[in-house]
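Chemist: The lines below spell out each chain.
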Amino acid sequence: MAVIGPGNIGSDLMYKIFRSKYLEMGMMAGIVESEGIKRAASHGVAVSTEGVKAVVERKDIQIAFDATSALAHLNVNGPALKEAGILSIDLTPAAVGPYCVPSVNLAQLHGESDINMVTCGGQATIPIVYAISRVAGAAYAEIVACISSKSAGPGTRANMDEFTETTSKALEVVGSADKGKAIIVLNPADPPLTMTNTILVRIKDSSVGIDKITASVNEIIDELNLYVPGYRLRVPPILEGDQVTVIVQVEGQGDFLPAYSGNLDIINAAAVAAAEKIAERMLNEKGGAQSK
Amino acid sequence: MNKINFVDTTLRDGSHAVRHSFTEEQVSVIAGGLDQCGVPMIELSHGDGLGGSSFTYGLSKVNEFDLLKAASRHIKNGKLTALLLPGIGTIENLHQAYECGVRAVRVATHVTEADVSAQHIIAAKDMGMMAVGFLMMTHMATPEQIAKVAQKMESYGADYINLADSAGYLIPDSVSKRVEAVRKAVKIPVGFHAHNNLGMAVANSLAAVEAGATYIDATLRGLGAGAGNTQIEVIAGVLKRCGYETGLDFYGLMDLAQNAVEPLMPRPQVIDNGSLMLGYAGVYSSFLLHVYEAAKKYDLEPRDILVELGERKMVGGQEDMIIDVAYQLRQGR
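Here the protein sequences come in this chain order: A and B. By numbering that gives the first Met the number 0, the letter at position 127 of the first sequence is numbered 126, and the numbering carries on one by one without gaps. By numbering that gives the first Met the number 0, the letter at position 265 of the second sequence is numbered 264, and the numbering carries on one by one without gaps.
Bound-form chain A, shown alone:
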């Protein structure tokens, strides 16, 4: 494994890779000498400031996380990794490859060279929309993601539209809603608020009843908890007419970022879960050594 982009996201990914049974941290690549590079080196990880170039030169890297920016992924990292035959797991909003929300569609992704992790808000809400949609249908799904100001880096702040647009689209494509709408709010309260998400769905068949909807939601939360232990219901599904409301909270695992940054934890945890599944597949296919 390689991580490109040694910022907050990249550093947190590194610690998650250290904990993984299937993944080995092969390289941390950046473009300048930075805290993140030093941090990785202090853990004995190979580092480079040559960016993606250093990653493709290593012949043993099979999967790379791209935690840079949408532009860098589109123009530089994505094409270079593809050419080198390295699978990209893209954490930027570039959305070159298909969206991946592990609890929903990981099993369906096969052989893609570039998969996109949507957004933090998408990872936190799409599973719930999907869980509702699979039992009652979803004519419309709306989500409000509230993240603490401290956990929203300059990348998020400069790309509010990318967040809402990518999440809205993924609510449709992965969440199976006919129409999706995403809203993001930054809250500066101190101490910082834990990431909270509200999910509102107009269902197609309200005769299904609340019990079936709740059971489906609980089932997907069990799956989510396998990779995001801090994911929980705050307000269990409420059915009013044809509208279902659910509120969830995401507490991070505190790997590198504080626990309130559930938003950063969940997208990273999802990316690692996807990488593990793919690595497991690679190992089974080759019957060979650990994937780097």
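It is worth saying that the hints were derived from the structure and are not from the lab. Please read all numbers here as calculations on a predicted model, not as lab measurements. Do not take every clue at face value.
To be verified - Calculated pairs, SDA-like style, for lysine to any residue (alpha carbon to alpha carbon, straight line, at most 20 Å):
(1) K296(B) / L238(A)
(2) K149(A) / D114(B)
(3) K147(B) / Q118(B)
(4) K296(B) / G240(A)
(5) K168(A) / F54(B)
(6) K149(A) / T141(B)
(7) K295(B) / L238(A)
(8) K149(A) / A140(B)
(9) K296(B) / K168(A)
(10) K149(A) / M139(B)
(11) K151(B) / T155(A)
(12) K312(B) / Q248(A)
(13) K178(A) / L58(B)
(14) K168(A) / I90(B)
(15) K151(B) / P153(A)
(16) K296(B) / I237(A)
(17) K312(B) / R233(A)
(18) K151(B) / N158(A)
Given the coordinates of chain A, assemble chain B onto it according to the supplied hints.
Modeler: For chain B alone, coordinates are given in the frame of chain A:
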């Protein structure tokens, strides 16, 4: 004395008070009337800005772009203006609004989060629009902090900075200090947007003008979220008596308020207990009607929900948390 420029937001902030039910006919009459009364900027969009129509903030009865088109046909001299909250509305919405005749946009962020407005202010300027940096909930930051974020918005290209007392929490002295601090920090003009939750809207607007603000937000009959905004026909009269030039037709506004707005008001724009608590606890004004609904549904006292929202330091756009608070209060019983 400085000329005071008015931004009428009856058709935007007032949208909250009528639960986003404006029709093309209503906005045509009101926008046309405001234009004839000499109002230079007429704001129209969903109460939560472009793209605000949603379960969370309330669905618009008529698509806001159709409303904008209708209003645009009746505005001859003024600028049709829209509000946009990054995180809710997008640049694509702004392009659509431009097609409908919008020529000024106010890009609104929470007072400490101005950097999320850069993308939208720059896009508006590229489209040749007037762009306003609009800071919400200014009671939650000190004058010094506000001065710094105003400078950021100025650097993105904002044409003026509007300070909003979104919770109707401020009193005249705290308004003056904020306006003065921003005036000293930036070269562009400063404006003010009041809510009347503590009965201070007109007094605060006057304080802002005396401190050097040259743009003032107001609405006919005060129609707006919470206890409403600064009543335009009243502030027009007050400023006229104080000798300020506004370019407004005082009698014309009075007649328009009485004939076009009063008949469509679902409730008188008074300071009821819920509105008073918004101002007292520092809660975003447009939460009010949603709180009343949740209180009814969960059999709670609206005041208790409002106080808890204030304690949790919820910001504009977090209407979804009203259900969370009501649910938790109910469970805690």
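Chemist: Need the status of pair K296(B), G240(A): alpha-carbon distance at most 20 Å?
Modeler: Distance of about 14 Å is within 20 Å: holds.
Chemist: Keeping to a limit of 20 Å between CA atoms, is the pair of K149(A) and M139(B) held or broken?
Modeler: Judged against 20 Å, a Cα distance of about 16 Å means the pair holds.
Chemist: For the pair supplied as a hint, K168(A) and F54(B), is the alpha-carbon distance within the 20 Å limit?
Modeler: Roughly 18 Å between the alpha carbons, so the hint for K168(A) and F54(B) holds.
Chemist: So if I understand the rule, the pair passes when the alpha-carbon distance is 20 Å or less; does K296(B) with L238(A) pass?
Modeler: 13 Å, holds
Chemist: Taking 20 Å as the top limit, are the C-alpha atoms of K147(B) and Q118(B) close enough?
Modeler: 18 Å, holds
Chemist: Holds or violated: K312(B) and R233(A), Cα atoms, limit 20 Å.
Modeler: Since the Cα atoms of K312(B) and R233(A) sit roughly 18 Å apart, the hinted pair holds (cutoff 20 Å).
Chemist: For K151(B) and N158(A), compute the direct alpha-carbon distance and say whether it is at most 20 Å.
Modeler: Distance ~17 Å between K151(B) and N158(A) Cα, so the pair holds.
Chemist: For K296(B) and I237(A), compute the direct alpha-carbon distance and say whether it is at most 20 Å.
Modeler: 12 Å, holds
Chemist: Hinted pair, alpha-carbon criterion (20 Å max): K296(B), K168(A). Please report holds or violated.
Modeler: Since the Cα atoms of K296(B) and K168(A) sit roughly 32 Å apart, the hinted pair is violated (cutoff 20 Å).
Chemist: Given the hinted pair K168(A) and I90(B), is their Cα-Cα distance within 20 Å?
Modeler: The hint holds at about 16 Å.
Chemist: Quick one, are K149(A) and A140(B) close enough, alpha carbons at most 20 Å?
Modeler: Measuring from Cα to Cα gives roughly 16 Å; hence the hint holds.
Chemist: Does D114(B) lie within 20 Å of K149(A) when you go C-alpha to C-alpha?
Modeler: 13 Å, holds
Hint violations for this structure: number 9 only, all remaining hints satisfied.
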